[in-house]
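J.: Given chain A, put chain B in place with the hints provided.
In order, the protein sequences belong to chains A and B. Position 61 (the first sequence) corresponds to 61 in our numbering; numbering is contiguous. Position 4 (the second sequence) corresponds to 4 in our numbering; numbering is contiguous.
Calculated directly from the structure, the hints in this document are not laboratory data. Glycine included, C-beta positions come from ideal geometry on N, C-alpha and C. A hint or two may mislead.
[Stated by the list, open to error] Examples of chain A residues toward chain B, derived with CB under 10 Å:
(1) 19
(2) 20
(3) 29
(4) 39
(5) 53
(6) 55
(7) 94
(8) 96
(9) 98
(10) 102
(11) 104
(12) 109
[Claimed, not checked] Derived coverage of chain B by chain A (criterion: at least 3 residues anywhere in the stretch with Cβ under 8 Å from a Cβ of chain A; other residues may be distant):
(13) 12-22
(14) 102-109
One letter stands for each residue in the lines below.
Number of protein chains: 2
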Amino acid sequence: MPRNTRRRPTPTHPATEDIDLLDILRALADPTRMTIVRVLRAEPERACGTFPVDVAPSTLSHHFKVLRESGLITQREEANRRFSALRAADLEHRFPGLLDTVLAAHARTAAPAAEPTPTA
Amino acid sequence: MPRNTRRRPTPTHPATEDIDLLDILRALADPTRMTIVRVLRAEPERACGTFPVDVAPSTLSHHFKVLRESGLITQREEANRRFSALRAADLEHRFPGLLDTVLAAHARTAAPAAEPTPTA
Numbered sequence: 001m002p003r004n005t006r007r008r009p010t011p012t013h014p015a016t017e018d019i020d021l022l023d024i025l026r027a028l029a030d031p032t033r034m035t036i037v038r039v040l041r042a043e044p045e046r047a048c049g050t051f052p053v054d055v056a057p058s059t060l061s062h063h064f065k066v067l068r069e070s071g072l073i074t075q076r077e078e079a080n081r082r083f084s085a086l087r088a089a090d091l092e093h094r095f096p097g098l099l100d101t102v103l104a105a106h107a108r109t110a111a112p113a114a115e116p117t118p119t120a
Numbered sequence: 001m002p003r004n005t006r007r008r009p010t011p012t013h014p015a016t017e018d019i020d021l022l023d024i025l026r027a028l029a030d031p032t033r034m035t036i037v038r039v040l041r042a043e044p045e046r047a048c049g050t051f052p053v054d055v056a057p058s059t060l061s062h063h064f065k066v067l068r069e070s071g072l073i074t075q076r077e078e079a080n081r082r083f084s085a086l087r088a089a090d091l092e093h094r095f096p097g098l099l100d101t102v103l104a105a106h107a108r109t110a111a112p113a114a115e116p117t118p119t120a
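If we strip away everything but chain A, and leave its shape as in the complex, we get (with noise of 0.2 Å):
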């Protein structure tokens, strides 16, 4: 039954089988992005405007966009937010070890204040 009668349309997102390897490597190869991705690694799910990036509305719609057509993420409308969550299990089964590798890559080399805050 139809019930879509929101201002924004309904979020699409590929099927598991249909993640393409370029798309994912393509949304993973942007700071911002990469920075969505590891915050989302580390809970269930996070409303749009609430991650710790510097960027215009505009531009992280964009970003948003990228990622949820790549098949990173799937988001949800609720009471006018619109909710991210990171697809790992799909992602583990279309592509075993790829999120984890690329994360623990990036670990490695990210810039202190990208790290999550030791405990005193």
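T.: Only chain B this time, still in chain A's reference frame:
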């Protein structure tokens, strides 16, 4: 009369410790460059005009430049030919497991036509 005596500038390469993950991901996120990397994974080096890719020479030069500047390949001149080689050891040192994981992911979904062909 020799027509190709003009020397091209010696290619420069980033030091291993300067190889950037996002540059690597961006370099790999292209079908032609992925094919070049997969071919080089299987042999020590190869002359630049002999890869099984169907792009114009100027486009191919651009792809090799992206690969070289990212740190994925080295290039050297010999007798007016340019040879390319994968920096597999440097990459493994910098980002352990990354290249193999990405290539394994690509092999899971690559079309048969994209498989490397043997040297003629």
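J.: With reference to the structure, classify each hint as holding or not holding.
T.: Now the hints, each set against the structure:
Taken as an interface hint, residue 19/A checks out: its beta carbon lies about 9 Å from the nearest beta carbon of chain B, inside 10 Å. Among the interface hints, the one on residue 20/A holds; its C-beta lies about 7 Å from the nearest C-beta in chain B, closer than the 10 Å criterion. Interface restraint check: residue 29/A against chain B, minimum CB-CB distance 4 Å, threshold 10 Å, status holds. For residue 39/A, the interface hint is violated, the least distance from its beta-carbon to any beta-carbon of chain B being 16 Å, above 10 Å.
Interface restraint check for residue 53/A: the shortest CB-CB distance to chain B comes to about 15 Å, outside 10 Å, so the restraint is violated. Taking 10 Å as the C-beta contact cut-off toward chain B, the hint placing residue 55/A at the interface is violated, the least distance being around 16 Å. For residue 94/A, the suggested interface contact is upheld, since its CB lies about 8 Å from the closest CB of chain B, less than 10 Å. Against a cut-off of 10 Å between C-beta atoms, the interface hint on residue 96/A holds, since the closest Cβ of chain B lies about 8 Å away.
Interface hint status for residue 98/A: upheld, as the beta-carbon distance to the closest one in chain B is roughly 5 Å, under 10 Å. At a threshold of 10 Å, the smallest CB-CB gap from residue 102/A to chain B is about 7 Å, leaving the interface hint in force. Interface restraint check for residue 104/A: the shortest CB-CB distance to chain B comes to about 8 Å, inside 10 Å, so the restraint holds. The beta carbon of residue 109/A is positioned within 10 Å of a beta carbon in chain B (closest approach about 6 Å), and the interface hint is therefore held.
As drawn, the region 12-22 of chain B meets chain A at 3 residues by the rule of a beta-carbon pair under 8 Å; at three or more, the given contact holds. For the region 102-109 of chain B, the proposed coverage by chain A is satisfied: 6 residues have a C-beta within less than 8 Å of a C-beta in that chain, meeting the threshold of three.
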